[in-house]
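Protein chains: 2
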Amino acid sequence: MQTRYMPADDRRAVTVEAVVALAAQQNPGDITTAAIAAHMGVTQGALFRHFPTKEAILEAVMDWVADRLLARIDKASHGAPTPLDALEAMFMAHVGFFVEHPGVPRMLFGELQRAEMTAPKRVAHKMLRRYRERLVTVIEDGKSSGQLEQGNDTAALGTLFIGMIQGLVMQSLLAGDVQLIRREAPGVFALFRRAVAVRP
Amino acid sequence: MQTRYMPADDRRAVTVEAVVALAAQQNPGDITTAAIAAHMGVTQGALFRHFPTKEAILEAVMDWVADRLLARIDKASHGAPTPLDALEAMFMAHVGFFVEHPGVPRMLFGELQRAEMTAPKRVAHKMLRRYRERLVTVIEDGKSSGQLEQGNDTAALGTLFIGMIQGLVMQSLLAGDVQLIRREAPGVFALFRRAVAVRP
DNA sequence: CCTTAGATAGTAATCAATCACTATTTTTTA
DNA sequence: TAAAAAATAGTGATTGATTACTATCTAAGG
Numbered sequence: 749m750q751t752r753y754m755p756a757d758d759r760r761a762v763t764v765e766a767v768v769a770l771a772a773q774q775n776p777g778d779i780t781t782a783a784i785a786a787h788m789g790v791t792q793g794a795l796f797r798h799f800p801t802k803e804a805i806l807e808a809v810m811d812w813v814a815d816r817l818l819a820r821i822d823k824a825s826h827g828a829p830t831p832l833d834a835l836e837a838m839f840m841a842h843v844g845f846f847v848e849h850p851g852v853p854r855m856l857f858g859e860l861q862r863a864e865m866t867a868p869k870r871v872a873h874k875m876l877r878r879y880r881e882r883l884v885t886v887i888e889d890g891k892s893s894g895q896l897e898q899g900n901d902t903a904a905l906g907t908l909f910i911g912m913i914q915g916l917v918m919q920s921l922l923a924g925d926v927q928l929i930r931r932e933a934p935g936v937f938a939l940f941r942r943a944v945a946v947r948p
Numbered sequence: 749m750q751t752r753y754m755p756a757d758d759r760r761a762v763t764v765e766a767v768v769a770l771a772a773q774q775n776p777g778d779i780t781t782a783a784i785a786a787h788m789g790v791t792q793g794a795l796f797r798h799f800p801t802k803e804a805i806l807e808a809v810m811d812w813v814a815d816r817l818l819a820r821i822d823k824a825s826h827g828a829p830t831p832l833d834a835l836e837a838m839f840m841a842h843v844g845f846f847v848e849h850p851g852v853p854r855m856l857f858g859e860l861q862r863a864e865m866t867a868p869k870r871v872a873h874k875m876l877r878r879y880r881e882r883l884v885t886v887i888e889d890g891k892s893s894g895q896l897e898q899g900n901d902t903a904a905l906g907t908l909f910i911g912m913i914q915g916l917v918m919q920s921l922l923a924g925d926v927q928l929i930r931r932e933a934p935g936v937f938a939l940f941r942r943a944v945a946v947r948p
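Chains U and F are the protein sequences, given in the same order.
Residue numbers for the first sequence follow the numbering used here, beginning at 749 and rising by one.
Residue numbers for the second sequence follow the numbering used here, beginning at 749 and rising by one.
Simulated from the structure, these hints should not be mistaken for laboratory data.
Be aware that a few hints might be false.
Since the list can't tell identical chains apart, any single copy or any two copies may satisfy a pair.
[To be verified] Listed next, the in silico EDC-like pairs over lysine to aspartate or glutamate satisfying Cα-Cα at most 20 Å (straight line):
no., residue 1, residue 2
1, K874, D925
2, K891, E765
3, K874, D811
4, K891, E848
5, K891, D925
6, K802, D778
Assemble the whole structure, with the sequences as input and the hints as a guide.
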């Protein structure tokens, strides 16, 4: 019956996961430290043994997201035979990430919308920049290999790619149906493919 | 030198405009009734002469947005000679609306992200549904007139259209440069055009 | 032991909402 | 038509609830 103490590092990880889980159910801005603690089964004050401020918690969450999401799309793109396949794999990997963690985009958009440059926003911003870098690399690869239309604006393609996901995510969240994105994603990506691929 | 009282309807309009203006500068979730009142040059308590709750204020803002934005894209599409021109006109009208009111998408996304179905979210949701209805009409027109590829999924096209705007808006907000959307919009729409138009 | 995770019980600040009261218009009525 | 009455707009102070954060005490475990 011993309630064993959890090491600090584990507690930090559990805290991050609690926030991600809560964000799937409610507006990230409304997540209180009390709610996080309750979800972890500890008292509210205990959180501040491991994080100096609430903002530091959110920053840790953004770090967690950046690591996992980027690793996921990297893995997806590296396994693909062609640039266009890589884009599709990245797209589907991102969709899969959302299905597993529907609270994440809510947190991301929430942080990115902030006007002041807070620490969590900085991390989110940096992740988005790295995401775009990956996209640009794959797109340029596709252009030089002749698979993608060379006349298209690479930056615009990146914006469209990310917007495509945003649109699908928003629709899923509004419908309250996370799986909706799985059903709609192929149709939307088919349009993207038409826009970017060289004409047969 | 008499400071005259403002009629209730005018005061309501001024309140809505204050919120829209404030949202251009800060996170909508952080807008307090005190800040709204200060921006209007009245005391905080005065707001509650015209609105029963803060939520009612936000609902009025969403009504304002729905009216103006839908009127704007309707006007744009009606003046266009072909369905594809109509889509482009709607797109540019939406972009123009964002440039004039950069706080609006922030509020919209903020409300739509909420988990509970609040009154403001309901209004925003309804607006989005009506927006999609307009898109679907134009797209179906284009398909039957042979201007748009018939094999494409209409719903997916709507999602892509809205996502395209979301992506551009997010980039503009992140860059802190409202005019960026004006520069990037044509390139992104050109991709959309490639995706939807019948091949020459 | 003695370091550390956690509990308990706070505090100070913030914020939406209320209320009693005043100032200004508008409407009624003599 | 002018005075009286009613309705409305606004002030300023307050309240109760919420929330991030903290000080102090307890107990687990190496």
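Here is what the structure says about each hint:
no.: 1; hint: K874 / D925; result: between (29 Å within a copy, 18 Å between copies)
no.: 2; hint: K891 / E765; result: neither (39 Å within a copy, 46 Å between copies)
no.: 3; hint: K874 / D811; result: within (10 Å within a copy, 35 Å between copies)
no.: 4; hint: K891 / E848; result: neither (32 Å within a copy, 36 Å between copies)
no.: 5; hint: K891 / D925; result: neither (36 Å within a copy, 29 Å between copies)
no.: 6; hint: K802 / D778; result: both (12 Å within a copy, 16 Å between copies)
When held up to the earlier numbered hints, the structure conflicts with 2, 4 and 5 and fits the remainder.
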